[in-house]
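**Student:** Put together the whole structure using the sequences plus the hints.
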Amino acid sequence: MLCIHNGNIINGKGEIFHRQDLLIQDNKIIGIGNDLMNKAHEIIDASNLWVLPGLIDAHCHLREPGFEYKEDIVSGTQSAAAGGFTSIACMPNTLPAIDSAAMVEYIKLKAASEGLVRVYPIGAITKQREGKVMVEMGEMKRAGVVALSDDGDPVSNSNTMRLALEYAKQFDLLIISHCEDKDLGADGVMNEGYMSTILGLKGITPAAEEVMVARDVILSEVTKTPIHIAHVSTKRSVEIIRQAKLRGVPVTCETAPHYFAATDEWVEGYDTSTKVNPPLRTQQDVEAIKEGLKDGTIDIIATDHAPHHEDEKNVEYNLAANGISGFETAFSLSYTHLVDTGVLSLDELVEKLSTKPAKILNIRGGTLEKGKPADITIVDISKEYQVDREKFFSKGKNTPFHGKKLKGEIIYTIVDGKVVYERDVVR
Amino acid sequence: MQVESGDNMALIQKDILGLRSLTQEEIWEILDTAELMKYILKQNNKRTPHLQGKSIVNLFYENSTRTRLSFELASKYMSASTANISSSSSSVAKGESLSDTCKTIEKMGADVIVIRHPMAGAAHMAAKYVKASIINAGDGMNEHPTQGLLDMYTIREYKTDFRGLKVAIIGDILHSRVARSNIWGLSKMGAEVAVSGPNTLLPPELERTGVKVHHRVEEAIKGADVVIVLRLQKERQQSGLLPSLREYSQIYGVNKERLKLAKKDALLMHPGPINRGIEIASDVADGIHSSIQEQVTNGVAIRMAILYLITRRRGEQGDVMHS
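Chain order of the listed sequences is P and E. The C-terminal residue of the first sequence carries number 451 in our numbering, and the numbering is unbroken. The C-terminal residue of the second sequence carries number 325 in our numbering, and the numbering is unbroken.
FYI, nobody ran anything at the bench for these hints, they're computed from the structure. Keep in mind the model is a prediction, meaning the values are calculated, not measured. We put the beta carbon where it would ideally sit given N, CA and C, even for glycine. Be aware that one or more of the hints could be misleading.
Stated by the list, open to error - Restricting the straight-line Cα-Cα distance to at most 27 Å, the calculated cross-link-like pairs of lysine-lysine (DSS-like) are: (1) 206(P) <-> 248(P); (2) 236(E) <-> 266(E); (3) 165(P) <-> 132(P); (4) 421(P) <-> 105(E); (5) 337(P) <-> 130(E); (6) 337(P) <-> 16(E).
Said to hold, decoys possible - Some but not every residue of chain P turned toward chain E, in silico, with C-beta under 8 Å: (7) 221; (8) 224; (9) 370.
**Tutor:** This is the structure we're talking about:
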């Protein structure tokens, strides 16, 4: 038995227990209360630490198979563990794409034998993610996908998207939409605005995201089918979703930490670690994202962990790969920019990073309760540290937050009752 | 031991990446030095020893006639060793990264690498990777600082003061690195810059740089001391930004009538090469207001000045290290 002793426990059901013990037997939580320590063989001293339901990431890229030089299931799940994530849902833009039951089974087998945290594959919406022919959704659901997405690319054809929503509904499969009008965004490399003007880089109008968010909200409304909007980054997208929710449209959405922790001003100097899709937006958008998180318009925070090899970033800005390596900074960026600044309370942040993602993906976790699997993240919210990308477990060192001082450090990550990460070391 | 501040050196940066990052003092230093260089250019014997023993490499990823030739002649007039690398393809298409190419050139002894590249920030990137000085000869839509400086030098030859000078820039501002360099440089020196062009060729939030944006070209030209006409790339029509070159020429083309709205002694400029009858009418391009030919000569003088100042700075640093 393992006892997490004297920690402040947030159970993900609206309750906080100060300085209490949490007892784990095998892989399950068997009790939360005072003085449970004497029964345990192993004790983790959580004095002055916070004990949270294991963090859950609904959007990441593990790159395997096909791009193992960027990341693989081993390095990716180590990185996730170091970031406090006990469950992650990986996007299907691999090579080959996760667009068949066989591929889903491959990822699940690989993750079960090599992965450090729980891995839930997301399947493609269309074969080879080409936006044309639907995947065999029924079979993929049976094989174990938790959602479908062509992430990295939009489903540009509105009728294809409508049919996919209707077809997915009969299997209770959630469609996650990457919203981008490719014609409006045509070969842009950063947010369109003052910064793109003075840097001479081709801009991507925020409208490229917003018209697609509006389209998908409408398709969700008319098909009465849930849709989840990936990586919301603009003020108007937040507004469109807010209005849709008021009308009762079954839409949920996520944002990523870089959309509330950085702006397009960071592109100054042509630092390619700032290149990401959707692009970093303006301060106004950052404020709107925070407002959306606060009022519940934005349901969850996902990392969009997108590791790349340094050779893909050490090139001209136009040629650099899109993406930020996000697992290992997600919690502290969220804590620093949302909790420390009073936008969210810590338990509201836990909802965005654990409870709600579990609900949206319909997977276990998100709460700490007697009888439930022991997926637990223990953090020190008072700890300040400097981001050092060289210490990342991820192969992708591509982060614009290198050298930044952040607050809130992951101390332990526990999956299924087993400590997989402890103070800078993965197990 | 020589100390930089001891001999009036204003040019202290390793690289010339853009006019946005140059100070007013540095711009004056370059313009003043170019005056001496223009004097040299007018002599029968143009050979000077200013760059003797220095190696200048022109690395051009985009086609160029005047900029490349002007850098090459500037280097040769001043006795530098010079070489040109041209590639219409990007570094990636060639198979070698820009940083590897620059490091290779530096290892062959280059003191200065002059780089033209179709992508914004390429020169900035190169500057991070090598100790050699980088001169930006045009990076995508971003900047073309030596063009901006030669335009400013030309303006100074005709006008007494930049302060309060009304400059109109007409045409495709969105894609123009010349426009950006002129906006930064001229604004820094106190000129009032106005621009005009079709909405589809104006970058967003341009007003925040301090320039005035006019939708009617006549309003921008009205009362101007200087009119800078930009080249209209023909592919802008193909990519759907304009309905036709004919309509562009009718509405935005600078012709005699429109030029009459400017001051009587207005200066007409164009970075070249010109599309006669599209953005500029032939009679005004060759007319009395035009300084287009003079700009070409001044381009050599400006590049001589920059090469001189930037290598002198490096030489001094070397001396300090050896003493």
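**Student:** For every hint, state whether the structure bears it out.
**Tutor:** We went through each hint and held it up to the structure:
In summary, the hint linking residue 206(P) to residue 248(P) is supported, as the alpha carbons are separated by about 26 Å, within the 27 Å threshold. Taking the CA atoms of residue 236(E) and residue 266(E), the gap is near 32 Å; set against the 27 Å cutoff, the hint is violated. This hinted pair checks out: residue 165(P) and residue 132(P) have alpha carbons roughly 13 Å apart, not beyond 27 Å. Taken as a hint, the residue 421(P) and residue 105(E) pair is honoured in the structure, with Cα atoms around 23 Å apart against an allowance of 27 Å.
Restraint check for residue 337(P) and residue 130(E): satisfied, since their Cα atoms lie roughly 14 Å apart, inside the 27 Å limit. Taking the CA atoms of residue 337(P) and residue 16(E), the gap is near 24 Å; set against the 27 Å cutoff, the hint holds. Taken as an interface hint, residue 221(P) checks out: its beta carbon lies about 4 Å from the nearest beta carbon of chain E, inside 8 Å. Because the closest C-beta pair between residue 224(P) and chain E is about 3 Å apart, less than 8 Å, the hint holds.
Below 8 Å, beta-carbon pairs count as interface contacts, and residue 370(P) has none with chain E, the closest being about 38 Å; its hint is therefore violated.
The structure shown violates the earlier hints numbered 2 and 9.
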